[in-house]
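Protein chains: 2
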Amino acid sequence: MEWKNRNTEAEKVRPFFEPKSVALIGVPRRTGRAAFNILETLVTCGYPGELYPVNPNADSILGLKVYPQIESLPQDIELAIIMVPRDMVISTVRSCAKQGIKAAIIVSDGFAEAGNEGLKLQAQLIKQAQADGIRLVGPNSLGSINNFHPFSSSFLPPSPLKEPVALVSQSGGFFEGFFDFVSSKGIDLGNMCDVDFADVLEYLEVDPDIKVIFLHIEGLKQGHRFLQVARRVSRKKPILAMKTGRTAPAARAIASHSGSLAGQDELYNAAFRYAGIIRVENSDELGDVTKALLHLPRLKGNRVGIITPTGGCAIMAVDALYRESLELATLSSKTIYTLRDYFPKWAPPRNPLDMLAAGMSHGYKNVYKACLEALLIDPRVDAIICIAGWPTIKTIQEISTGVPKPVVVWMQGRWTGEALSWIEKLGYKTAYPTPERAARALSVLRRYSNRREKYE
Amino acid sequence: MEWKNRNTEAEKVRPFFEPKSVALIGVPRRTGRAAFNILETLVTCGYPGELYPVNPNADSILGLKVYPQIESLPQDIELAIIMVPRDMVISTVRSCAKQGIKAAIIVSDGFAEAGNEGLKLQAQLIKQAQADGIRLVGPNSLGSINNFHPFSSSFLPPSPLKEPVALVSQSGGFFEGFFDFVSSKGIDLGNMCDVDFADVLEYLEVDPDIKVIFLHIEGLKQGHRFLQVARRVSRKKPILAMKTGRTAPAARAIASHSGSLAGQDELYNAAFRYAGIIRVENSDELGDVTKALLHLPRLKGNRVGIITPTGGCAIMAVDALYRESLELATLSSKTIYTLRDYFPKWAPPRNPLDMLAAGMSHGYKNVYKACLEALLIDPRVDAIICIAGWPTIKTIQEISTGVPKPVVVWMQGRWTGEALSWIEKLGYKTAYPTPERAARALSVLRRYSNRREKYE
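Taken in sequence, the protein lines are chains W and F.
Just so we're aligned, residue 1 is where the first sequence starts under this note's numbering, counting upward by one.
Just so we're aligned, residue 1 is where the second sequence starts under this note's numbering, counting upward by one.
These are calculated hints, taken from the structure and not from any lab test.
A portion of the hints provided could be inaccurate.
Just so you know, same-sequence chains aren't split out, so a pair can sit in one copy or run between any two.
Straight-line C-alpha distance at most 30 Å; calculated DSBU-like pairs for lysine-lysine [said to hold, decoys possible]:
id: 1; residue 1: LYS291; residue 2: LYS425
id: 2; residue 1: LYS120; residue 2: LYS345
id: 3; residue 1: LYS425; residue 2: LYS394
id: 4; residue 1: LYS345; residue 2: LYS127
id: 5; residue 1: LYS98; residue 2: LYS394
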């Protein structure tokens with residue numbers, strides 16, 4: 001782990017993701033499948049740092065020495081994971097601080113999400129932690145997972161997946177459901193009494209493992225600082241955000257969930273635009289956009305070429321383009337000249353390139369290949385949508401891998417869901433099940449490419 | 001095939017889907033995988049009727065007797081499939097009519113989709129056909145596929161799938177891409193010079209194989225008649241429609257595709273509303289809505305109950321509900337009373353039913369089951385969204401199969417696409433990958449249930 005080039009703020013957040021040593025305060029003795037024992041998760045996943053379980057009623061768990069109390073721990077452990085009943089949390093944090101611990105994840109719940117008493121308790125907790133100089137994630141948090149340097153503070157184990165995507169969430173359930181779906185490093189901020197989105201963004205800004213950042217936001221605290229940091233970070237790495245609790249009834253539900261206030265939806269739109277944050281509407285879009293940002297080169301203009309064996313589907317793709325502020329490219333005369341011999345005289349090549357008749361006469365693969373190669377070097381075409389079935393994917397992949405122009409595939413048919421999974425496993429990453437989703441991904445790529453150009 | 005109870009209009013369209021005898025005019029001699037020979041498709045698929053190939057240059061194809069000319073055919077064959085060059089189409093249609101054939105699919109292209117000359121030719125064609133009393137599908141059409149009584153007029157074979165869904169399209173490519181995805185009986189109307197959406201709707205209205213009708217519309221002809229027929233049919237069976245060519249550039253592309261005029265999008269919205277047609281935006285939505293209409297009971301109100309192991313995801317579901325004009329049900333006091341002992345004192349049961357804490361104490365499956373059973377009999381709850389992972393599906397399926405209240409599942413996680421495929425194969429049909437898609441399906445089900453109630 002090389003920290004020389006990281007900023008001071010990042011170094012303060014690092015122990016939450018990559019601690020060199022961890023104290024587990026209140027770890028249960030029970031182990032095994034149904035016990036959800038955090039210590040067991042850490043041992044099993046191959047966490048490379050030092051582990052210090054604390055439990056007054058055990059000498060040893062899973063063969064590891066157990067400490068009877070915090071006071072018996074060595075000094076300067078990097079992180080404490082605290083899972084004691086809520087009334088003991090404040091004294092536990094104090095003891096940790098005295099032992100030189102500077103970071104703690106509070107798993108315990110019953111704070112701001114649980115009525116007035118919990119709210120008061122949370123206020124006392126953060127006041128105490130600030131006085132003692134210890135940073136807190138939570139309370140009511142699952143903490144973090146890191147697949148790159150195997151670590152987890154919850155019953156959710158890290159996985160072998162190493163996508164350069166980070167997830168920052170305010171909900172344990174969301175975190176659990178979405179972590180593996182999008183990311184390989186993530187944190188549940190829970191009630192977010194101290195460490196917040198801005199802090200984690202400063203860490204991810206300089207994190208060499210991460211290229212795309214995804215935020216699940218229920219509500220913000222310290223909005224101004226968040227926007228300043230996000231605006232800076234989004235010039236280097238794309239930040240996607242899903243804002244939940246957009247309708248009034250959902251906003252009310254949030255108050256009793258993470259204790260945050262969910263503000264008016266329009267304000268969030270404006271704020272995200274200011275900060276260069278890309279808003280995604282749902283998990284389909286999240287996956288679609290992430291794929292494009294990770295696997296496509298920058299999109300330098302709005303002009304899209306379409307290759308299709310079907311006129312009817314091309315029309316759907318054209319609809320999708322214009323709804324996303326993209327446009328149909330006008331092909332250069334060189335492209336038309338190159339392709340003219342394949343196409344019937346009464347229907348010369350033009351965009352969308354409807355290649356079925358040409359393919360019937362000159363070989364389907366041949367013509368598809370010729371069309372794609374022509375569009376790839378056409379200076380009037382900025383991106384390409386290939387409408388294609390399973391058998392054409394390999395041809396598209398061979399020709400378009402590594403080229404500096406974004407190429408996406410719209411796959412159709414009953415088994416699209418499964419086919420897409422297979423294609424991804426075979427290494428083709430940017431295929432989409434509908435033209436709307438392909439166009440949306442390109443549109444976001446265009447906006448982000450614009451932002452990068454502007455700040456380079 | 002029992003036709004007694006069918007209307008006269010339906011009987012005129014029937015030969016296009018279930019012909020008892022077929023003449024194939026201009027069938028090529030070449031057979032085998034790359035030949036796309038229609039005769040071969042029909043022989044291979046087990047078409048139960050009589051086949052009459054016509055080709056002056058062959059005596060026999062695939063062991064079947066070939067007729068040298070139309071004039072040598074027996075009288076009163078039900079359907080002709082015509083695939084001769086465009087300049088021979090009109091004389092071929094005349095000869096067929098003389099032989100007593102009353103229905104023909106014109107596969108040949110080069111008509112309204114191919115400039116002025118083609119347009120003129122198409123006008124002559126339809127004039128002649130009307131004079132001769134022969135109904136036409138096409139030109140520029142793949143014709144029909146029928147999985148129920150195996151038949152196909154193109155190189156696309158029927159499949160074993162028997163979903164009670166029909167597809168009526170104006171595009172061969174769309175038809176090819178979407179037939180298997182949604183339907184088991186379908187037709188490509190091509191340039192739609194004669195048989196149109198209204199005619200096919202009259203056939204499908206009384207078709208016992210079909211419960212849901214899906215239209216892919218580029219443009220309409222005879223709009224008034226279409227709306228009257230659709231308004232009547234939609235009282236008996238749901239009609240879904242995807243209107244493509246919504247943006248101006250796409251509308252221009254349509255002119256050269258099926259030769260239709262694509263009108264203003266807003267007009268279509270109003271017309272669809274009048275006719276009780278459900279508009280779908282894309283193929284994801286098409287699949288989602290179809291599943292709900294086929295596999296869920298009617299939805300009698302707007303009040304939705306949510307069962308969830310995660311507060312964060314429940315909030316997303318609540319957002320999705322209110323965006324679709326549905327609402328969060330207020331649970332009856334009986335439900336709250338029934339469930340009270342599972343829930344912690346400080347967080348009594350309420351909608352959304354966040355059951356994680358309760359499940360940790362009293363067994364996850366137990367509590368999920370109790371929640372679902374309580375909501376199923378709660379008179380204040382009209383439908384239920386279950387937020388669940390793979391292991392809970394079986395419990396949900398066992399409890400909710402056959403109940404008179406719609407239950408949908410929102411499944412999450414990285415492998416949702418594959419998991420959904422598997423779940424469907426195992427018999428659970430109404431699971432969705434995002435809360436937005438689940439809510440949308442329920443919302444459409446509500447609108448359609450309303451319409452059915454109104455006309456019963």
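Going through the hints against the structure:
1. LYS291 with LYS425: Cα proximity of LYS291 and LYS425: in one copy and across copies (13 Å, 28 Å).
2. LYS120 with LYS345: between (79 Å within a copy, 19 Å between copies)
3. LYS425 with LYS394: Close inside one copy (13 Å) and across copies (28 Å); limit 30 Å.
4. LYS345 with LYS127: between (79 Å within a copy, 28 Å between copies)
5. LYS98 with LYS394: Neither. Shortest intra-copy (61 Å) and inter-copy (50 Å) distances fail the 30 Å Cα cut-off.
Consistency with the previously given hints fails for number 5 only.
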